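Chain by chain, the residues run as shown.
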Amino acid sequence: MIEAEGLVKTFGSTRALQGVDLAVPRGTVLGVLGPNGAGKTTAVRILSTLLVPDAGTARINGLDVVRQAERVRQSIGLTGQYASVDEDLTGRQNLELFGTLLELGRAGARRRAAELLDWFDLTAAANRPAKTYSGGMRRRLDLAASLVGSPDVIFLDEPTTGLDPAKREDMWDVVRSLVTNGATVLLTTQYLEEADALADAITVIDHGRVIAHDTPDGLKRVVGGQTLEVRPTDPANLAPTAAILSRVGSGAQADEIRRGVLAVPVTDDSALTESVARLAAAGIAVTELSLHLPSLDEVFFTLTGRTAADDDTTRTEVAA
Amino acid sequence: MSTLTGTPPRTGPKLSTVVAQPRPLRLLRHSLALAKRSLIKTWRTPEALIDVTLQPVLFLVIFVYVFGGAVAGSTHDYLQYLLPGILAQTIATGCIAIGVNLNTDIAKGIFDRFRSLPVPRSAPLVGAVFGDVVRYVIVTVSTLAIGYLLGFRVESGPVQALAGCLLAVLFALCLSWLPVYVGMKVRTPGAVQGVMFALIMPLSFASNVFVAAGTLPGWMQAVVTVNPLTHLVTAMRGLFLGTPVGNHVWWTLLWCAGFVAVFMPLALRAYRRRV
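Protein sequence lines correspond, in order, to chains L and F. Mapping of the first sequence onto the numbering used here: residues 1 to 320, in sequence order. Mapping of the second sequence onto the numbering used here: residues 321 to 595, in sequence order.
In case anyone wonders, no lab produced these hints; they're calculated from the structure. Bear in mind that the values here come from a model prediction, so they are computed numbers and not experimental data. A virtual CB, placed ideally from N, CA and C, is assigned to each residue, including glycine. Don't take each hint at face value.
Among the chain L residues that face chain F by a calculated CB cut under 7 Å, a handful are [unchecked claim]:
1) Gln74
2) Leu97
3) Ile211
4) Asp214
5) Asp217
6) Arg231
25 Å max Cα-Cα, derived SDA-like pairs, lysine to any residue [as the list claims (entries may be wrong)]:
7) F/Lys428 to L/Leu291
8) F/Lys356 to L/Arg110
9) F/Lys356 to L/Asp173
10) F/Lys428 to L/Asp164
11) F/Lys361 to L/Lys167
12) L/Lys131 to F/Ala355
13) F/Lys428 to L/Gly224
14) L/Lys131 to F/Pro366
15) L/Lys167 to F/Asp397
16) F/Lys361 to L/Asp164
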């Protein structure tokens, strides 16, 4: 269980957090959604005892992260954006080191390392230095390292940033099975898709403030749910396609959002199959047809009236 | 990746049940585990040992054959005089590396990991210092070995010579807390190198490493007399060559205690503040 009230943290003239409240009930996943520089990582670092807040309080399983930091560290696992494992050590040596530091004993540390290597499909690479690992393997080792002590509260700071879609899905499966086993997870992400796939609730933060807190469905209702995008093979079919899409959509007109691509907001999951059936009946061939959740930019635009990347130097990453 | 959909293994003791051990024991065990990490890293990057293996060879050969005749009348006499000094000097410069390495290391995610674990805060630094023992043993052995090839001979006995080696390694471990402190305090690895060089260079030359203090002007003699390296070198000369040791072993140990007492708390404080 994670509870935080009024967290404030200032670095020089940068006000990273300006009074953030977070709550994650036991056994649930909270998605903390926000662009780069919103304060997500600062919040995670405070909750995982790496930083002391300037004001506000936070508790993990009822233990204060400042006054009872030592005991908090016994029940948390932290996976950062960058791989926090030793590059010169092998995967196995890394996990055994953390097992030793977590008082599992020599045999216990060895057994736990073997289990995790197996579970994360790293056994074949176990005796190679971590610096030879691919990005996805490194991320898995990093997550494995944070699970050595079987923590019941897990912080995942942008666990899939930089991973390709297939690897991302794998990571999602891992998170799901952790929760099935009773873990409480706080996950930060820049992707609404990811928060929607994993989280029981989503807190959106921007400039160190919470600007929305809702269930994924509630948030999607506010920001406009999903968008159906279709690209007819023959551009001459744009008009009849638009007419069909407007009928299956939520009543709004289909717009040409990019050259040759039509988009319409939809509320019902059946919209995809229905539009396929209607397009087929009308004899219209398409080269592209997909259902999208709003991007972070769109979420922010709806919530704040400006784009997330407006004041961000890393625009491309945010839009990714 | 198909295995990932299974249940995560959760065997092994629950953490809260196993951490109730006395703190000093935990600190020692955790530091040793982290020292092992340093050792593995040293083993993987043997080129990082160049500073402590090549430098004593170069200094011995150059100083013995260039200055030996002028300073001591014969190269052999000067080698006998110089070797303990070169050993001390190499150890003093060799400990710069720990500050540079920690400065690089601390910026990496692994230190966040350490700090998020129920590990005593000082363990990563203490572990790094322990891990460097191997470096200092290598310096000592390789310097003595090259010395023997050039004609250096221990004139006391094996026990005294061993005591001299141990004193040198102990001195290095204690002096290490100075570069560790600088490494925590200074922003970049290059700056650590610069600051430490500015401290160690005068320390090793304003001593009796190369020449006896008696030949120096009065004010310089005063500096040389209090220099901790002078005490170490005099003690080692006594232990290797059987010459009188005087109080120099005690002075050396006192300096060792002083380095730890002053720079270890400073280093730990700087480490805690540096996030």
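Q: Hints the structure violates: just list their numbers, smallest first.
A: Failing hints, ascending: 3, 4, 5, 6, 7, 9, 11, 13, 15, 16.
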